[in-house]
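Chain order of the listed sequences is A and B. Position one of the first sequence corresponds to residue 1 (the working numbering), numbered consecutively onward. Position one of the second sequence corresponds to residue 1 (the working numbering), numbered consecutively onward.
Check before you lean on any hint, since a few could be wrong.
Unchecked claim - Here are the simulated SDA-like cross-link-like pairs (lysine to any residue), alpha carbons at most 20 angstroms apart as the crow flies: (1) A:LYS129 / B:ARG174; (2) A:LYS129 / A:ALA117; (3) B:LYS129 / A:ASP74; (4) B:LYS129 / A:PHE35; (5) A:LYS129 / B:ALA179; (6) B:LYS61 / B:GLY89; (7) A:LYS61 / A:PHE35; (8) B:LYS61 / B:THR86; (9) A:LYS129 / B:LEU116; (10) B:LYS129 / A:GLU176; (11) A:LYS129 / B:PRO177; (12) A:LYS61 / A:PRO137; (13) A:LYS129 / B:ARG41; (14) B:LYS61 / A:LEU172; (15) A:LYS129 / B:LYS129; (16) B:LYS61 / B:LEU71; (17) B:LYS129 / A:LYS61; (18) B:LYS61 / A:PHE35; (19) B:LYS129 / A:PRO137; (20) A:LYS129 / A:ASP74.
No lab work stands behind these hints, which were simulated from the structure alone.
Protein chains: 2
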Amino acid sequence: MTASAVGRRGRRPGRPDTRAAILAAARGRFASAGFGGTTIRAIAADAGVDAALVHHYFGSKDDLFVAALELPVDPRAVMAERVIGTSGGNAEGAGERLLRAFLSVWDDPEVQPGLLAIVRRVMEPGGDKLISEGFLPVVLVPLGEALGIDHPEQRMPLVASQVIGLILVRYLVRLEPVASWDHERLVTAYAPTLQRYFTGPLPA
Amino acid sequence: MTASAVGRRGRRPGRPDTRAAILAAARGRFASAGFGGTTIRAIAADAGVDAALVHHYFGSKDDLFVAALELPVDPRAVMAERVIGTSGGNAEGAGERLLRAFLSVWDDPEVQPGLLAIVRRVMEPGGDKLISEGFLPVVLVPLGEALGIDHPEQRMPLVASQVIGLILVRYLVRLEPVASWDHERLVTAYAPTLQRYFTGPLPA
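Okay, chain A solo, but in the shape it has when bound (with noise of 0.2 angstroms):
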């Protein structure tokens, strides 16, 4: 749906279709220029709507670009139960806490399906600032700080690096015996990585 088409349905806050018309121009500042390259301002000029309205629907930009990534689970919510926990900022143990997490979350058979499409367009051209510009600061580096460890924005490259070769062995490629072993298994083989990525040495 272009910006114009979008527009000349008008301005009515509350239709459904105001919804969707701003979720697609923020999908698509997001793909063209980034997440910090975009301003709530500029999406709404293409949706045809308010900001006010744009902040009224979804909150803050964070909340609009996870929405118009149409995950099927808020990654920070996930993080925020499961990673950082009531306690608030332990990074002892976030590796296998961590990895728990995402294999629970990757695991669900109705939830992969949504998670690999995702997968599928960082790869594709343009797609690569889903995750720098996009998943690295609004869920990596936010978690990192959550659990207070030194330079997250050094550490949390190193953990998506080994989270995303998983991601690729274990449900894209499908390669064996990494593609079947069971959650306690993972955690033997990965959770060591992750940590040490989140609190061992840093290159000077």
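Keeping the supplied structure of chain A fixed, place chain B upon it in accordance with the hints.
The following block gives chain B in isolation, referenced to the frame of chain A:
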């Protein structure tokens, strides 16, 4: 080029299009039947040549698989020279040697585009076999065996998962700081992970 079109061109050995016909037939078979399900005999039949001619031109089925990928470098030669080495079969330090060999190939600007094309092919539907039925049995498991590690069929997929994740983060997604780190920094970050997969504890 279809098998019948190839057949019509006759069975003249030594003609450049005979080589091309064999490679096209090999690509078709490997893509549809996987490495394990493909025979030299079937490729020869598709190309309208004798199986002996396929062996004459390309050597073993492993060699033909690597040739069909049109890789800018033969990964087996790189492994033999830089990871296995002349001492033969020493797993100590293999994580760092593999990482340095991998980086020297991938960071060569003349080689990188060809490698990225292969990675994108892996992501396409059916491309998963390229790793599970190609790279793993042809390159990775033989590397593990040459290094003398136990359970190479379990360890090499773990190694692959971090190498693939690094490829995606550094070369496709170009996530900073990993995309810009020099080899020493990458060795500090990743060599211990690879070494643990080569020689550390395995899931029970």
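Checklist entry - Among all the numbered hints in the text so far, which are the ones the structure does not match? => result 3, 4, 6, 8, 13, 14, 15, 17, 18 and 19
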